[in-house]
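Chemist: My request is simple: use the sequences and hints to build the entire structure.
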Amino acid sequence: AQSVTQLGSHVSVSEGALVLLRCNYSSSVPPYLFWYVQYPNQGLQLLLKYTTGATLVKGINGFEAEFKKSETSFHLTKPSAHMSDAAEYFCAVSANTGNQFYFGTGTSLTVIP
Amino acid sequence: NAGVMQNPRHLVRRRGQEARLRCSPMKGHSHVYWYRQLPEEGLKFMVYLQKENIIDESGMPKERFSAEFPKEGPSILRIQQVVRGDSAAYFCASSPQGPEAFFGQGTRLTVV
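The listed protein sequences derive, respectively, from chains C and E. Read in order, the letters of the first sequence correspond to residues 1 to 113 in the numbering used here. Read in order, the letters of the second sequence correspond to residues 114 to 225 in the numbering used here.
It is possible that some hints are incorrect.
[Claimed, not checked] Computed footprint of chain E on chain C; a stretch qualifies when at least three of its residues, placed anywhere within it, have a C-beta under 8 Å from a C-beta of chain E:
{"id": "1", "region": "55–65"}
{"id": "2", "region": "76–86"}
[Stated by the list, open to error] Here are a few chain E residues that face chain C, going by a calculated C-beta distance under 10 Å:
{"id": "3", "residue": "Gln119"}
{"id": "4", "residue": "Gly155"}
{"id": "5", "residue": "Ser171"}
{"id": "6", "residue": "Glu176"}
{"id": "7", "residue": "Ser179"}
{"id": "8", "residue": "Val196"}
{"id": "9", "residue": "Gly198"}
{"id": "10", "residue": "Ala201"}
{"id": "11", "residue": "Ala206"}
{"id": "12", "residue": "Gly219"}
{"id": "13", "residue": "Thr223"}
Derived by calculation from the structure, the hints in this document are not laboratory data. None of the values given here were measured: they were computed from a predicted structure. For glycine and all other residues, C-beta sits at the position ideal for the given N, C-alpha and C.
Modeler: Shown next, in the form of structure tokens:
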């Protein structure tokens with residue numbers, strides 16, 4: 001079985017500061033890992049994904065995440081926050097069979113000017 | 114290539130009525146997922162379907178909720194005799210055979 005824990009339901013950063021959103025997962029099989037972003041009243045948009053290969057994954061809008069198997073983590077980072085990054089971010093895990101996606105409860109990111 | 118299309122975007126139903134939510138997957142995608150999002154909560158898996166088959170419905174409430182994905186046409190999530198607690202955003206996602214899901218804009222159901 002798979003599950004996801006996102007630490008911190010609300011994160012605030014200053015514009016230009018580092019963004020770090022935490023995600024830990026549990027999976028009984030090799031996982032596929034995802035970060036999605038949701039803007040108000042919108043659907044979810046894929047930011048980045050890890051399936052196999054390089055453990056540092058680069059996504060859209062300057063975000064990246066690193067798969068650390070030893071820590072069962074897949075934290076999302078961005079070196080410099082922009083006002084447009086304010087949104088809800090969801091981490092998700094899927095078994096490598098791609099059967100079902102398990103989502104965390106989300107982290108709301110606020111960017112302070 | 115159009116994305117995942119959900120309609121309606123907003124749906125208001127009185128208690129006891131039926132709600133039908135539609136999802137047209139992306140072209141070439143034969144896998145559909147339905148999720149429910151309650152305020153201040155994450156996405157809760159409801160059901161996973163392939164064409165004409167329900168693969169996993171472990172997240173579906175046992176009563177009043179049903180889903181289908183016919184050979185032709187959109188996937189339908191049906192909620193009978195809606196109650197206030199059914200008010201939520203319902204998201205559909207589709208995927209090709211593989212580990213990536215593309216989401217629709219969601220249907221926001223309000224039960225009054």
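Chemist: Does the structure break any of the earlier hints, and which numbers would those be?
Modeler: Of the numbered hints, 1, 2, 6, 7, 8, 9, 10 and 13 do not hold.
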